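Could you build the full structure based on these sequences and the hints that come with them?
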Amino acid sequence: MPGAPGLPNEAAGMPNGAPRMPNSRAPGVLSGTEVGAAGVPLSEFALLDVDRRRRTGVPEVVFGEGKSSEQIFALLAELRARDPEAPALATRCAVGVLDEAATRFPGDTVHADHVAGTVAVGALPPARGNVLVVTAGTTDLRVARECAATLAVLGVRAHVLADVGVAGLGRLLSRLDELRAAECVVVVAGMDGALPSVVAGLVSAPVIGVPTSVGYGVAAGGLAAAASMLASCSPGLVVVNIDNGFGAAAHAAKIIRAVHR
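Per our numbering, the very first residue in the sequence shown carries number 3; after that it's consecutive.
I should point out that these hints are in silico values taken from the structure, not numbers from a laboratory. In this text the structure is predicted, and so the values were computed from the model without any measurement. Positions of the beta carbon are idealized from the N, C-alpha and C atoms, including for glycine. There is no bait here: all hints are sound.
Restraint-style ranges between C-beta atoms, simulated for each label pair:
# : residue 1 : residue 2 : range
1 : Ala-96    : Leu-171   : 28 to 38 Å
2 : Pro-108   : Gly-59    : 24 to 34 Å
3 : Thr-111   : Glu-67    : 21 to 31 Å
4 : Pro-108   : Val-205   : 39 to 49 Å
5 : Leu-49    : Asn-243   : 20 to 30 Å
6 : Asn-243   : Glu-180   : 18 to 28 Å
Set out below in structure tokens:
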């Protein structure tokens, strides 16, 4: 991706080969937190909310789907430059981005998870709390791993317990100690989406249901699982959007932050 005319193709804080995108705001108009609140423009394709971590505890994260690799790397670099104390995260990344990420940020720690489709640039913060991410089936692991990777970036300790769906309920019941030790449980399930209701009826911790797009025919790309979770008889079950491991992690991190405040 060529740099803009008259601008260097590399600059401090930018990955190798990614152009420094010019900010369009007039000099001296905004400064400090005002600049962060107003957003930082990158060329014509993004307006980064670099103040979000301070406001909400959850920083802006790059949604990689639909973006070019150059856009993703430029966004990650700018997030790191603006908030060097925290890692920058991109989700839904293509294989090419995952393979290339480490070479684009040679002076930084890079965590690329090919199952989750996530790239984290920067050292992970110390982990606290205890979140258990549970999947109904092996095919739900992509979403579960996205959740776990996001929690790691947010400084939350997470473990994944895979393939304990309701078709073989003994698998879940044999891990009750782990379930009940968690301060928050994220349950990822497709098909009938029944597992979150079961878990919510077994533990006192908050439970977050994540419907996935896994399933045949009338599973309807996760709509059946989402409807089942939303109609749950287990009180207190919170449900996020289909395949939204990131959103579940953001909510779980806020729970952990409140517990350990």
